[in-house]
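Asks: Sequence:
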Amino acid sequence: MSDTKQESLSFQTEVKQLLHLMIHSLYSNKEIFLRELVSNASDACDKLRFQSLKDDSLMAENNDLRIRISVDKDANTVSIEDTGIGMTRDEVVQNLGTIARSGTADFLKNLTGDERKDSQLIGQFGVGFYSSFIVAKAVDVYTRKAGHAAEEGVHWHSEGEGEFTIADAILPARGTKIVLHLKADESEFSDSWRLKNLVKKYSDHISVPVQMLEESYAAAEGEEEEAEKQDPTWENVNSAKALWTRPRSEVNDEEYQELYHHISHDYGDALTWSHNRVEGKLDYTSLLYIPKKAPYDLWNRERVRGLKLYVNRVFIMDDVEQFLPMYLRFVKGIVDSNDLPLNVSREILQNDSTIDSIKSALVKRVLDMLGKLAKKQPEDYQAFWEEFGQVLKEGPAEDMGNKDKIAGLLRFASSHTGDAKQNVSLKDYLERMKEGQDKIYYVSADNHQTAKNSPHLEVFRKKGIEVLLLSDRIDEWLMSYLNEFEGKSFVDVARGGLDLGDIESEEEKQAQEKANDEHKDLLTRIHEQFKDELENVRMTHRLVESPACIVVGDNDMGAQMRRIMEAAGQAVPDSKPILELNPEHPLVQRLEKEENETRFNDLASILLEQARLSEGSTLKDAAGFVSRLNKLLLEMLA
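Counting from 287, one number per residue, gives the positions in the sequence shown under my numbering.
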């Protein structure tokens with residue numbers, strides 16, 4: 287190797303912070319550096335294997351794909367070398383010196399100050415290469431892109447400070463070699479036996495052979511005379527057999543978890559998984575994982591997502607999003623199919639009936655896996671829901687064919703439990719329904735406290751009827767796609783006229799009609815005052831303690847959705863709400879007797895503004911409301 291055209295470059299600011307963290311703060315789980323580097327080397331081999339399907343000249347110089355790990359005890363170094371795709375000079379600068387691919391900024395935002403927890407973020411945020419500096423005082427990277435000449439090699443060097451150097455290098459073979467110059471107190475990692483155990487622990491499932499020198503040769507290293515007598519003999523230290531191709535009975539939980547770490551770059555364990563072989567009209571194997579924790583970019587709908595695709599055990603591409611819908615974007619895993627061509631492209635994936643059939647089966651598999659988890663391990667399912675519940679709520683709109691199955695997986699807060707925890711299923715609700723009840727009632731608001739204290743719930747509390755409390759931003763949109771569940775329709779208690787069906791007696795229904803007739807003059811008088819703001823004013827039996835509430839028409843946009851769209855600067859349909867009054871409330875009765883027009887207008891305005899506040903809306907004239915309220919209080923004190 288010889289270097290020319292050397293230059294020094296500075297790391298991006300966030301990378302400097304990260305390197306400082308690696309060197310000075312993260313002491314837990316030091317051994318993960320090997321897992322990360324071997325995983326990167328395996329990815330490089332997979333990428334070359336795929337690209338060689340289109341251009342077989344890339345493998346011309348050497349069709350042997352493998353990873354080799356070697357140590358030099360005297361020099362206190364560890365080397366990880368692969369025969370994969372390699373990198374050009376520009377790719378080295380982009381991948382190792384900037385934030386463009388590393389996710390470092392988000393990594394730093396998520397640090398907790400707890401060394402063990404922070405170190406577990408390394409793989410999840412795609413900054414695995416930098417974990418080298420946990421154990422190394424300096425790192426050299428030698429790399430040459432497949433298909434490029436020996437003179438186009440690159441040598442990258444850094445001591446984990448603010449700069450790195452990059453130089454041209456003459457490299458006889460394609461691929462990448464990383465040399466870690468270990469810190470003095472990290473010499474344990476220059477022990478071959480220690481590294482072999484780490485490979486077996488973390489990388490046994492990798493389909494690319496991971497090789498190390500046989501013990502007899504390794505022992506002779508440093509003994510020059512003995513070493514010259516024998517050629518280096520490399521042995522495979524991992525099984526190099528794709529785990530998903532093995533029978534489930536031969537794979538233990540630890541192996542499944544390590545494969546999950548490899549494909550997801552998540553240091554934490556998977557919550558559950560499903561491993562299946564399908565034969566018949568379609569021939570494929572799937573291994574699907576549900577993570578325990580949501581990734582940092584879960585809500586970025588442009589994020590890279592999807593499953594890894596293999597065809598006849600040959601890696602084809604990462605992040606194939608065609609296999610699962612957007613609402614299942616948290617699922618990680620592998621699909622290995624015998625029914626697709628090796629030169630498969632994304633265009634083929636988008637227009638292939640086989641993909642549609644596999645997708646349908648995989649979606650069903652994931653939903654069944656979640657259903658089984660909810661039934662047999664409710665505590666684990668609750669943990670899943672708290673991480674991914676809002677994503678699953680996107681399902682009914684995106685996947686009408688599985689709407690009922692998704693609905694059974696949804697969880698809600700409820701007036702039955704009273705707290706904000708979303709742990710009530712629709713089946714739970716149905717089992718607690720009152721005799722004669724034929725609807726599922728819910729209320730939506732901007733937060734749980736507003737929903738819990740909504741005046742629309744008063745008659746339901748009085749009659750002991752459970753109401754689902756919805757407060758996530760997505761909830762009102764979700765309910766627009768959920769019409770019924772097991773034959774019971776959903777009813778928004780803050781929308782339209784309230785019909786309690788058989789739960790309500792004939793006397794109560796007649797009293798409602800009578801109240802509107804008896805107080806017709808008052809209702810007309812109030813509506814005249816607010817005709818530009820209200821569609822109608824009427825008496826109601828849904829209120830017990832409150833004097834008034836706001837409801838929307840059956841076909842109008844709900845208050846929560848209207849506020850969300852307005853906040854986003856989007857146009858909303860023109861509609862006016864309805865004001866409902868409690869004829870039994872003293873304030874309403876006092877209003878009806880008021881003859882002074884000014885005082886009547888002030889009191890009516892206060893009732894309307896209170897109703898708007900109770901539903902979570904903001905007032906257009908908050909100062910006017912305060913002035914009217916203070917005026918009323920002073921009159922009471924006089």
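Hints are computed from structural coordinates only; laboratory data are not their basis.
One or more of the hints may lead you astray.
Cβ-Cβ distance ranges computed for the label pairs, FRET-style [stated by the list, open to error]: (1) Ala669 / Pro458: 49 to 57 Å; (2) Arg532 / Ala706: 17 to 25 Å; (3) Val590 / Asp376: 42 to 50 Å; (4) Pro859 / Gly704: 29 to 37 Å; (5) Glu881 / Gly783: 26 to 34 Å; (6) Asn882 / Glu772: 34 to 42 Å; (7) Lys713 / Arg885: 46 to 54 Å; (8) Asp376 / Asn624: 53 to 61 Å; (9) Arg532 / Ala669: 42 to 50 Å; (10) Glu793 / Gly910: 25 to 33 Å; (11) Glu831 / Asn769: 30 to 38 Å; (12) Asp376 / Lys578: 34 to 42 Å; (13) Asn624 / Gly783: 29 to 37 Å.
For each residue, glycine too, the CB sits at the ideal point set by N, CA and C.
Asks: When the structure is checked against the list of hints, which entries are broken? Sort them ascending.
Replies: 2, 3, 6, 8, 9, 10, 13
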